[in-house]
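Chain by chain, the residues run as shown.
Protein chains: 2
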Amino acid sequence: MSPTERSTVRRGARRARPDREALHAVLDAGLVGHLGVVVDGAPRVLPTGYGRVGEVLYLHGSTGARSLREAAGAQVCFTVTLLDGVVYARSAFHHSVDYRCAVVHGAARVVEDDAERERALEALTEHLAPGSWSATRRPTGKELAATAVLALDLHEAAVKVRTGGPADDEADLASDEHDWAGVLPLVTAWGAPVPAPDLRPGAAVPDRVRRRPAPGGDPRG
Amino acid sequence: MSPTERSTVRRGARRARPDREALHAVLDAGLVGHLGVVVDGAPRVLPTGYGRVGEVLYLHGSTGARSLREAAGAQVCFTVTLLDGVVYARSAFHHSVDYRCAVVHGAARVVEDDAERERALEALTEHLAPGSWSATRRPTGKELAATAVLALDLHEAAVKVRTGGPADDEADLASDEHDWAGVLPLVTAWGAPVPAPDLRPGAAVPDRVRRRPAPGGDPRG
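As you go down the protein sequences, you meet chains A and B in turn. If you're matching positions, the first sequence starts at 1 in full-length UniProt numbering and goes up one per residue. If you're matching positions, the second sequence starts at 1 in full-length UniProt numbering and goes up one per residue.
I should point out that these hints are in silico values taken from the structure, not numbers from a laboratory. Please note: incorrect hints may appear among the correct ones.
What the hints assert, rightly or not - Cβ-Cβ distance ranges computed for the label pairs, FRET-style:
{"id": "1", "chain 1": "A", "residue 1": "E170", "chain 2": "B", "residue 2": "P18", "range": "46 to 56 Å"}
{"id": "2", "chain 1": "A", "residue 1": "R10", "chain 2": "B", "residue 2": "P18", "range": "55 to 65 Å"}
{"id": "3", "chain 1": "A", "residue 1": "E5", "chain 2": "B", "residue 2": "R14", "range": "35 to 45 Å"}
{"id": "4", "chain 1": "A", "residue 1": "A146", "chain 2": "B", "residue 2": "K142", "range": "16 to 26 Å"}
{"id": "5", "chain 1": "B", "residue 1": "D28", "chain 2": "A", "residue 2": "A189", "range": "33 to 43 Å"}
Positions of the beta carbon are idealized from the N, C-alpha and C atoms, including for glycine.
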């Protein structure tokens, strides 16, 4: 995917997925990622939503948010992780998790062009709440002015996926120092929609909410 | 909780939880956090497990892992986020998420003392898989030598929690430019345990796995 040192998977390299489809799949399956920026020489990591348009990831936030201001034009790291299960091994050492993780490195570009800003906000809204861009009120000029939009190219990225059971040592397989080994899957689902208290009485839950596909995508990455 | 600039919540300050109990609750409810370190001046954000002992958070990893080596003695940021729901508003602008988030800042200390290292690994194992420390083989000297353990003091931290429905503008409440508003809760649960393929036939799933309490804790933070 990318030839740089920092986007080359070293630990657990057999779990690296070098293809762009795997990167897109993890990004599309996640809802929130963690944005890392450097502020006064120290790292800050904050959760944030995102949207993808082709090979560009869009982030947004208040123009008043420090971490977003610091990210503008600077090197950032954006990581999306999906946790798929806890791996119970015969030894404490080999306990692990099944997961999918995408890490994107690069310089965040401030999006200035109005058309690109609108496309980005549509992608962000649709990623969080598919169907909401056309079903709800679009941003006003004032709202747009209060919103910073950043673009992060997906060129430099890495994907790791772990699936399946424990990788135990030979000696532990025959031992009786353990009671069980396997995977306890972590499953995410949508609960029953909760209408806003001030919603007009009798408003039906639209299909875009009621029939929203289960979150998290395919754990096999 | 902490008086420093970087651990003072500015955006959405009404969602800040200043008490240590809220910090512990979020950390205890999460399974994986995101560790931010600075490498060659740029941020790196990687997911990792953790364990808490009182006011100390422990992280571990291979002694060969670059991000862990870079974290040793350096300023790090460790963030745990639980996503509790998608907030559908009457406007694209007010779409949001319900979440719980803990952000810890500080210098990561390499744990050298054998007894503290063992306590840390027990806490890490028990956080990931309660009951596994005593039910499985403990680490060997060789495994311990290959494991780096870092401690992060919980002194400098911030917690934010968002619950409830959308905060829409007055003008949008009466408008018909939207079909619905409310919260679609995100629910996490354990799936059915999957025994390791090489587990001895007939091994019962122990209670620590079968009856493990649902992940994610209480969304009200």
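Hint-by-hint comparison with the structure:
1. A hinted range of 46 to 56 Å holds for the C-beta pair A:E170 and B:P18, which are about 51 Å apart.
2. In this structure the hint that A:R10 and B:P18 lie 55 to 65 Å apart at CB is violated, the actual value being about 40 Å.
3. Under the hint 35 to 45 Å, the C-beta atoms of A:E5 and B:R14, about 43 Å apart, fit the expected range.
4. With their beta carbons about 56 Å apart, A:A146 and B:K142 fall outside the hinted range of 16 to 26 Å.
5. Checked against the hint of 33 to 43 Å, the pair B:D28 and A:A189 fails, with Cβ atoms roughly 22 Å apart.
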